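Novice: What follows is the residue order along each chain.
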Amino acid sequence: NAGVTQTPKFQVLKTGQSMTLQCAQDMNHNSMYWYRQDPGMGLRLIYYSASEGTTDKGEVPNGYNVSRLNKREFSLRLESAAPSQTSVYFCASSGRADGELFFGEGSRLTVL
Amino acid sequence: SQQGEEDPQALSIQEGENATMNCSYKTSINNLQWYRQNSGRGLVHLILIRSNEREKHSGRLRVTLDTSKKSSSLLITASRAADTASYFCATDSTREDYKLSFGAGTTVTVRA
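As given, the protein sequences belong to chains U and Y, one line each in that order.
Under this note's numbering, the letters of the first sequence match residues 1 to 112, in that order.
Under this note's numbering, the letters of the second sequence match residues 1 to 112, in that order.
Hints were generated in silico from the structure; no laboratory data involved.
What you are looking at is a predicted structure, and each value in this text was computed from that prediction instead of being measured.
Cβ coordinates follow ideal geometry from the N, Cα and C atoms, glycine included.
Please note: incorrect hints may appear among the correct ones.
Distance condition first, Cα-Cα at most 20 angstroms in a straight line; then the derived PhoX-like pairs of lysine-lysine [unchecked claim]: (1) Y/K56 with Y/K69; (2) Y/K99 with U/K57; (3) U/K71 with Y/K99; (4) Y/K99 with Y/K70.
FRET-style restraints, in silico, Cβ to Cβ [stated by the list, open to error]: (5) Y/T109 with U/P83: 29 to 35 angstroms; (6) U/A82 with Y/S58: 37 to 43 angstroms; (7) U/M27 with Y/H57: 48 to 54 angstroms.
Whenever a hint applies, use it, and build me the whole structure from the sequences.
Specialist: Right under this line is the structure:
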């Protein structure tokens, strides 16, 4: 059982480049999330999708876009990467609004 | 802004000792969760306590919740080297379902 799978695991970008982080879950969960983790900051919510067909902004959405492609997949796009977006990005899913989150292993992004 | 804040930021204990960490939050919650993160890995759910519960146990973990003080504590008894990790509390908000807010975490080091 794979759970939540994120790709790529590592990526280096130059300022201004674009890229998409992919996330897929095989647990038939309705809700999916994108967080970023920076040293000393904990995890901050970027965007979330409560169910297929809906997306909403989290705490730090600027500079990002998301697509809930279907129930399994939730992608995060950086249109024009900036050094401030250097971070570790985590995708998570949940079967209930107040339930536990299942996390992927993270995608480590460096923007030069 | 982050809802939860953990205290202390870091904790070093001897194997076999107990580890206690605290979490304070700001607004009314439906539930509070604790997660563990091993170095370089994703977060793993440990335990969820609902706002109408005061204490919960899971193996060597004991969680308390005091909604009047807006605080929670996580106790790990008889610690092992494998407990070395960062621990995060996460809270939702009664006004914002689906949005789980994480603190900056407590880094626990268990010395052999």
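Novice: Does each hint hold? Answer for all of them.
Specialist: Hint-by-hint comparison with the structure:
{"no.": "1", "hint": "Y/K56 with Y/K69", "verdict": "17 angstroms, holds"}
{"no.": "2", "hint": "Y/K99 with U/K57", "verdict": "10 angstroms, holds"}
{"no.": "3", "hint": "U/K71 with Y/K99", "verdict": "18 angstroms, holds"}
{"no.": "4", "hint": "Y/K99 with Y/K70", "verdict": "18 angstroms, holds"}
{"no.": "5", "hint": "Y/T109 with U/P83: 29 to 35 angstroms", "verdict": "31 angstroms, holds"}
{"no.": "6", "hint": "U/A82 with Y/S58: 37 to 43 angstroms", "verdict": "41 angstroms, holds"}
{"no.": "7", "hint": "U/M27 with Y/H57: 48 to 54 angstroms", "verdict": "26 angstroms, violated"}
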